[in-house]
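Peer 1: Chains as they are written, first to last, in the working numbering: chain A, 1 to 207; chain B, 1 to 207; chain C, 1 to 252; chain D, 1 to 252; chain E, 1 to 258.
The hints are simulated quantities; they were obtained by calculation from the structure and are not laboratory data. Remember, it's a predicted structure, so these values are computed and weren't measured experimentally. Think of the CB as a built atom: it goes at the ideal place given N, C-alpha and C, for glycine as much as any other residue. There are no misleading hints in this set.
Derived, one-sided and incomplete: chain D residues facing chain C with beta-carbon distance under 10 Å:
#1 PRO37
#2 ASP178
#3 PRO179
#4 GLY183
#5 PHE245
#6 ASN248
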Amino acid sequence: MAPGMVKTCAIFFFTLLFSLPLGLIFTFLHTSKNRVISGIMHFIISVLRGTPLMLQLIAVNFGPWYLFGIETIREKLIPVVIAFSINYAAYFSEIYRGGIESIPVGQYEGATVLGYSKAQTFFRIILPQVVKTILPSVTNEIITLVKDTSLASTLSYAEIFLLSQQYSNTIQQFTPLLVAGVFYYVFNLVVTVVMSRVEKKMSYYKI
Amino acid sequence: MAPGMVKTCAIFFFTLLFSLPLGLIFTFLHTSKNRVISGIMHFIISVLRGTPLMLQLIAVNFGPWYLFGIETIREKLIPVVIAFSINYAAYFSEIYRGGIESIPVGQYEGATVLGYSKAQTFFRIILPQVVKTILPSVTNEIITLVKDTSLASTLSYAEIFLLSQQYSNTIQQFTPLLVAGVFYYVFNLVVTVVMSRVEKKMSYYKI
Amino acid sequence: MSILSMSNIKKSFGDNNVLKDISLEVNKGEVVSIIGPSGGGKSTLLRCATLLETIDGGCLKYNGIPVTHTNESGKIVYEKNLNQFRKIFGLVFQNFNLFPHFSVLKNVIDAPVNVLKKTKEEAIEEALALLKKMGLEGKENMYPCDLSGGMQQRVSIVRALAMNPDILFFDEPTSALDPELTGEVLKVIKQLADDKMTMVIVTHEMAFAKAVSDRILFIDKGLVVEEGTPAELFDDTKNDRTKQFLMNYNNI
Amino acid sequence: MSILSMSNIKKSFGDNNVLKDISLEVNKGEVVSIIGPSGGGKSTLLRCATLLETIDGGCLKYNGIPVTHTNESGKIVYEKNLNQFRKIFGLVFQNFNLFPHFSVLKNVIDAPVNVLKKTKEEAIEEALALLKKMGLEGKENMYPCDLSGGMQQRVSIVRALAMNPDILFFDEPTSALDPELTGEVLKVIKQLADDKMTMVIVTHEMAFAKAVSDRILFIDKGLVVEEGTPAELFDDTKNDRTKQFLMNYNNI
Amino acid sequence: GKKDVKLKIINEELGAEYYGIAFRKGDEETCKYIDAAVQELVKNGEYKKIADKKDYKDIVGNLMFLAEDYKAKEYDVDITNAEKRTFTIGIDPEYPPFSYMGDDGKYTGFDIDVCQAACDLLGWEMKVFTVDWDSKLLQLDAKECDCIWSGMTIMDSMKEQDYVISEPYYYNTQVLVVKEGKGIKSSKDLKDKVVAVQKGTSGASLLDDDLKSLKKTFKEVKTFKSFLVCFTELESGGVDAVFVDYPVAKSYVAKKNK
Ligand SMILES: Nc1ncnc2c1ncn2[C@@H]1O[C@H](COP(=O)(O)OP(=O)(O)OP(=O)(O)O)[C@@H](O)[C@H]1O
Ligand SMILES: Nc1ncnc2c1ncn2[C@@H]1O[C@H](COP(=O)(O)OP(=O)(O)OP(=O)(O)O)[C@@H](O)[C@H]1O
Ligand SMILES: [Mg+2]
Ligand SMILES: [Mg+2]
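If we strip away everything but chain A, and leave its shape as in the complex, we get (with noise of 0.2 Å):
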């Protein structure tokens, strides 16, 4: 079952790589003061995070070939992260919205007050402050996403849970499903041990 192994870490890692950035574009655009602009993010961000990730994942796979008639990609990996990334970006990105907003006015202030302009003052004083604020909703996310990853054998992406399901029934006992689960536990608790070490990294101030 290694190869699932790899395979899953395969979705994560990308997703993650992908879906963190778009996601700040996602709430750029959610808060952009172009209210057409704004809208129709805010009803893509609502269907991304109002429908099951399972639909997601065969409507990115065979959404080209029904509408334009383009073939399906072969490597299921790349649908896969696709629709991943998509799906988790719109999460991540009310995430980011929440903590932008949770930042006191009086740090935009501060920094108007003091000269800076509206670039400096996102990414030297409201950008940090909110990587702060979010991580421990940003690591809820990662763990729903390392679970989430079991999803991608809808479209026979060989990942780990789908190897021990046709394991399990080509050998009739239940324990290549436990494997499985140990499996995705531990890679849980790396992430949560992994994250909390960021978050102790940050913890030098307090807001």
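Following the hints, complete the assembly by docking chains B, C, D and E with the ligands onto the known chain A.
Peer 2: The following block gives chains B, C, D and E with the ligands in isolation, referenced to the frame of chain A:
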């Protein structure tokens, strides 16, 4: 696909019905002064939160058979609701715990000095305030629950996702899945509206 | 007989000996103020008196009845039924600790009804009278969040009074208030003093302490540094630490 | 020529006319205090002066240069480049608004380096000198959360001073502080006054306002009710509203 | 474009096999009753009536040629005197014409019709239970249903594991479905190509077993949960061929190429 919608709603309502109070029991056990009890509860909660619900569904369904040779139940609503309720109780219990911890110690002290008993303090003073503070988190979980009902398809429980998948085989088109997507989205809109009504109802006071 | 008697009270948090040896007697109708620098142990003393903290040494009595006794091995043991003592005193907190989900009236009557088992009618009648006296007429159905800090504090005083205590403790009742709102709360406490309510008040309002108290304790580093009537303490300060502290207040 | 000149300033929030018609000139080296009841518009006035709020009427000038002008249709138009004016003034907030993720030193030097484009060395040198002067020597590497309120407020004063402003605004710089910590901040402001720093101070500390100001404005309901030297205002109060307000402070 | 895609079946009679009904280990009794009841249906012509239903016949043609074998058998049970019970038939609802979801949303199909008729004879109450095809035998073990009767291929492994298997009632082969115009004429042309199978089907296990050497020539075998996904992958270019039961292939290709 109407019977599928009814069955999805059944999972939804029964899960809420059982997991909300069960979560409170989990919280009590988890915050118990008895180290053994709280340790065990801590582990159980971390496993429930750390492994995919799909796996837990399979475990609840086949576990009794594998471990004790007990016949599995044919009415799949039962194992589905059991697995969902236990899983969601773990999430709710963490929300409750956070909510209880967020109540300022002054509220306990205020009640103690006035001579309230422990039970009176919890049920008259603390719990009503906890309910208010945790509402947004509970709403989030409920939205996740709506989407998670699709996982019941793992046990061939004919909820809307499975039915629409089966029906798309009959008509050899993916349209039923789209209908399912709209169903989930609308369901979640309803949840959001209802919960924001409830929140508004509780907003007669601020903490 | 004194209502409150604390003798040789000791209290540590870990290695931090917050109260080293403090004794305090309060007689019926007396108003005692406690002043002193931050971290000196004033709040801790009040919390020990109101059974929110357990003492490590000494003896605590209400109306002559011991709340604690020292067992053979020198440990402090509390009485079983502490609620009988909680009926004797009331405490007004620095940040009010009103119950935000209850209306003003419910805040005041909830304990009398549920703890003292008064009838609701009786409790309401008494509550309305007290609220009126404290200038809160017509606010019964408002919620704490809709009141100014000064009003909230007055409600919390009414809440304590509604339990009909023999003695009332205040822990910096005005320090969470806007300066202009401070006056209204102090006026209410003064009124209680005029009514001969027995009170122990921790405060940073020197002028107020001077005006209202029968006796003032200056506490620093867990000890009573100086004690006396307002005149003795303010105008004839003996201790250097006290002098320095009072100067800090006067030179602004 | 006056550093700050505000003439006939008007400002509303919706239907709420917070500033009705306020004029204020501040000359070099002058210390002006603004007192008045809560909600009177003191903070709003300061926020208009520091460009945190836009005015609805009147004219704002720094060093004689207009920041706003009124266009043909009677609307207020602000200059394009507002940052040139932001270099002229500094603002010390009620709750400090230090940047929590920066050390004390970084809080002070970040704007000089990134806004004024000073070299880091120069900025550090000046910062250390200022920190020393304000009694914050050795605290450079601490984070705001590890400092007492009084120290935080002094750091925020240093942060403002490091931008080398011609005029410094304070909005109730001590009202978020514990009473005993108030003194240290007031001492620092006094020291700045002695150094002939031009300052506008909104405060509730009457004794302090009296001691430090060249001129005091009493503002209520968006208007200057009374204005004068401390002696004129405190000892020879003319207006009834002012009298009533000052009484509230004196009778505690 | 999407519309131009035409599919074709390559029938090399790979893995000739029989359909049968699987019962729980040791449950010979039930098997006998069902076999005897089916025999009676064949004899009285009921079976043929069902087999001749247009919906079924159009897809698979002759459903009768193994049915005649039933007539010769002897069963020592009295079907007119069976004990009353409920009989739960386990089906895969995505397997037309044997078992599938009808346009009215009800489960239907040849197997279900025959089962209903048999139960009527026996005086049993029939219930339909949908299994996860991948873990159907587990579910049978765990008594979630009393049989798997859903176009199920009889495999040697089932007999080895002591599942009770009925008389075979249908002869079947696995076929390959490919896109027209891609130059694939036989299984040999699938060298280094990607082939899809449905999870838990006999096609999937054949590739791991008798057809191992053929599988080795493929680039990859992908398993999907449903046939629809397999075929959609084929049409949209995700895979080059689908390895599937003949009736399924026939029904899908017929609809598609219409
Ligand atoms: N629950 C606690 N755990 C540990 N230390 C405590 C606790 N409560 C108080 N202390 C410590 O006890 C000492 C005295 O605190 P206390 O609150 O009694 O002082 P205070 O005189 O009321 O000061 P202030 O004027 O700031 O309210 C302080 O050093 C404080 O840190
Ligand atoms: N951003 C805003 N939006 C709407 N109303 C505001 C805003 N800021 C202030 N106000 C209103 O303007 C009025 C004056 O407020 P301001 O804060 O200037 O008073 P102040 O004199 O500083 O009072 P305080 O002593 O309490 O600080 C108040 O009625 C307040 O509610
Ligand atoms: Mg205290
Ligand atoms: Mg203000």
